[in-house]
Amino acid sequence: MAEIRIQGARKEFGKVVAVKDVDLRIQQGEFVVLLGPSGCGKTTLLRCIAGLEQLDGGRIYFGERDVTDLPVRQRRISMVFQSYAVFPHMTVFENIAFGLRMQRRPDAEIQRRARSAAELLHIEDLLERYPAQLSGGQRQRVAVARAIAYDADVLLMDEPLSNLDALLRLEMRAELKRLLGALKTTVVYVTHDQVEALSLGDRIAVMRSGEILQVDAPLIVYDRPTAHFVGSFIGNPPMNFLPAQAVDGGAAARVEDTLIPLPGPIADALRRAGVSDLWLGIRAENIEPLTEALPGALPGRLLVAEPLGSHTLLTVQVGQAAIKVNAHPDAAFGADQPVWLRLNADKLRALDRASGRAI
Amino acid sequence: MTRRPAPPASRRLSRALVYLAAIVIALYIAGPIYLVAVLAFSPRDVVYGYPKPIVPTQISLETMAFFINSYGILDSVKNSVIVAVLTLGLSLAIGAPAGYALARYVFRGSDIYRILILSTRAFPVVILSIPLITAYITWGLDDTALGVALLHTAMALPTTILVTSSIFVGVSKDLEEAAMTMGCTRLGAFRRVALPLALPGLAASAIFTFVLSWNEVFAAAILTIQNQTLPARLIVQLNQSPIPFRFAGGLFILAPAIVFMLFARRYLFSLWGVKLR
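These protein sequence lines are chains A and B, in that order. Be aware that the first sequence starts at 1, since it is given in this note's numbering, and climbs by one per residue. Be aware that the second sequence starts at 1001, since it is given in this note's numbering, and climbs by one per residue.
Among the hints, erroneous ones may be present.
With a straight-line cut-off of 35 angstroms between C-alpha atoms, the simulated DSBU-like cross-links for lysine-lysine are [unchecked claim]: (1) B:Lys1078 <-> A:Lys184; (2) A:Lys20 <-> B:Lys1173; (3) B:Lys1078 <-> A:Lys177; (4) B:Lys1173 <-> A:Lys15.
What follows is a list of derived Cβ distance ranges for each label pair [to be verified]: (5) B:Ala1203 <-> A:Ser209: 54 to 60 angstroms; (6) A:Asp66 <-> B:Leu1187: 46 to 52 angstroms; (7) B:Ile1025 <-> A:Gly14: 46 to 52 angstroms; (8) A:Gln133 <-> B:Leu1199: 16 to 22 angstroms; (9) B:Leu1017 <-> A:Gly136: 37 to 43 angstroms; (10) A:Pro307 <-> B:Phe1107: 44 to 50 angstroms; (11) B:Ala1203 <-> A:Gln133: 58 to 64 angstroms; (12) B:Val1018 <-> A:Arg178: 43 to 49 angstroms; (13) A:Gly136 <-> B:Val1018: 32 to 38 angstroms; (14) A:Ile220 <-> B:Val1106: 56 to 62 angstroms; (15) B:Leu1199 <-> A:Leu179: 56 to 62 angstroms; (16) B:Ala1021 <-> A:Val195: 35 to 41 angstroms; (17) A:Glu119 <-> B:Ala1203: 56 to 62 angstroms; (18) A:Pro71 <-> B:Phe1107: 55 to 61 angstroms.
Derived from the structure by calculation, the hints contain no laboratory data. Ideal placement from N, C-alpha and C gives every residue a C-beta, glycine not left out.
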């Protein structure tokens, strides 16, 4: 168990910069998720932490240890691969015991710890089997058991659930959270699945094009994205972004022809920044759809209503933008009807339209 | 699911044609081998007789024994084995690391390297034979098993490298990396994970090399005088030998190739229940 400090980490593949001067500090025992679309550099960053890739710049520390130039085996990490990388020529037991054997532990200890790791993952009945005789979900469990069977300072996971089918993924996600929470290991977890990131992480680091855009607790990343990209990448549906103009020194925003009053902190920030072209960001569940006009409510036209059981997802055209709104499942909305949207001012985000960053 | 299934009648016909073609090819190859085998295990008078039997009438080791006990045969078998084992060892020792490098590392010019490997086969041994012999004589390698083995290694290397590279491509890089995260050095990860997984394929490749060397005639014939390998001796003797000698010799020299086919079939394609390639 150790704190991880990444300082100015940089990794280039030819002309492509996969990781651009990333700084990140991960507390001891913390579960941090690296989240981003494919090709954003999240796996490369993880492999740099593991030592499977050498940094082109910057340093990585585990606690007080500078591991930047250490080979993989001396970093005291364990890793779960997307492909599981379970050794096909060894039994499940030998797979799990591999790390302990490499540390030359006494035989009794190997037996005991490999078995207890297997029990944690509920695969103690499979110990004599070969991986070819296992299902994908069982192989996944072997991979995790193998990674937690020996003492490592840091546990690294590279999209461990992405090869499981949907139902198994849900089950395994909850189980991983319980298991890793109990182990109190420092975990760095890579995924492109925002739901996985929200459900698992103590903090989420959202990455794009080799840079970390925001590192925060899941609900903060969800509610208060610091960048347009973060809001549109996280959440289902993604955050709505309305083009707006700041008026009255930031006290209100004009969307189309409607004036929307802004809460004090945003108004202050807008005045200080002196920005007038804005994105107003708001989540679907923070918009109330109304059937008649109300002061401060945005007029729009309903395009589609999709009943989803727990709520009905409305798509509303406001000016040029298509806005997603969650409506109560019992509310009756018909296509093409005019609707007015009341935005929950406390949940509004104001972003600079030029930079895409929050103000 | 998008392709419409062909009408059953024509599909059955095309399937029948495939089987027919397979049977014809199998007979074309296996037929002569079978006939040679029948006569190689028939007694001498049957071999001399006419018409020759299609099914064995009497089984006897007389013909084989006659061949094996002929003057110089055992010596040349011994030479053949020595040369083939040397070739196998040398080509694996040089070829497997090269194949591994091609499979694992992206390096500048790796495509050109691949073509260069193959281009070594573009120079016929016939053209190289005179310079080779003079060079061998200066180095004192003429008429030695090592000399023949070196040339056989040169001939086997392109296939060894390309085959081993495709074997190592089939062993996922993740497996070695996983071993490294658990405390293996790069070499240790190779030895504990990649090598055992590649072993059946490497064995098949090794036997292929063995058979190549065992069957190679030209280089063996020009490079040796006293210490001939079996094919080099047979090429000289077969035409002037009695018929039983020819059948027995033919089968004897075929045998390793047949064993290889049986072995490779089993190990080249399947590996711990997982398809490797």
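Hint-by-hint comparison with the structure:
Our distance criterion of 35 angstroms between C-alpha atoms is broken by B:Lys1078 and A:Lys184, whose separation comes to about 66 angstroms. Of the supplied pair hints, the one linking A:Lys20 and B:Lys1173 holds, its CA atoms being roughly 26 angstroms apart against a limit of 35 angstroms. The hinted pair formed by B:Lys1078 and A:Lys177 fails the criterion: a straight-line CA distance of about 66 angstroms is larger than 35 angstroms. The straight-line distance between the Cα atoms of B:Lys1173 and A:Lys15 is roughly 24 angstroms, inside the 35 angstroms bound, and the hint therefore holds.
As the Cβ distance of B:Ala1203 to A:Ser209 is approximately 47 angstroms, the hint placing it in 54 to 60 angstroms is violated. Between A:Asp66 and B:Leu1187, the C-beta spacing of about 25 angstroms breaks the proposed range 46 to 52 angstroms. Taken as a hint, the range 46 to 52 angstroms holds for the pair B:Ile1025 and A:Gly14, whose Cβ atoms sit roughly 48 angstroms apart. Our hint of 16 to 22 angstroms for A:Gln133 and B:Leu1199 holds, since their Cβ atoms are close to 20 angstroms apart.
A hinted range of 37 to 43 angstroms for the beta carbons of B:Leu1017 and A:Gly136 is consistent with their spacing of about 39 angstroms. Our hint of 44 to 50 angstroms for A:Pro307 and B:Phe1107 is violated, since their Cβ atoms are close to 57 angstroms apart. In this structure the hint that B:Ala1203 and A:Gln133 lie 58 to 64 angstroms apart at CB is violated, the actual value being about 24 angstroms. Remark: the range hint 43 to 49 angstroms for B:Val1018 to A:Arg178 is contradicted by a beta-carbon distance near 55 angstroms.
Checked against the hint of 32 to 38 angstroms, the pair A:Gly136 and B:Val1018 passes, with Cβ atoms roughly 34 angstroms apart. The supplied range of 56 to 62 angstroms is broken by A:Ile220 and B:Val1106, whose beta-carbon atoms lie about 41 angstroms from each other. The hinted range of 56 to 62 angstroms is not satisfied by B:Leu1199 and A:Leu179, whose Cβ atoms lie roughly 35 angstroms apart. Remark: the range hint 35 to 41 angstroms for B:Ala1021 to A:Val195 is contradicted by a beta-carbon distance near 54 angstroms.
Taking 56 to 62 angstroms as the suggested C-beta distance range, the pair A:Glu119 and B:Ala1203 does not conform, at roughly 38 angstroms. Under the hint 55 to 61 angstroms, the C-beta atoms of A:Pro71 and B:Phe1107, about 21 angstroms apart, miss the expected range.
Checked against the numbered hints given earlier, this structure breaks hints 1, 3, 5, 6, 10, 11, 12, 14, 15, 16, 17, 18; the rest are met.
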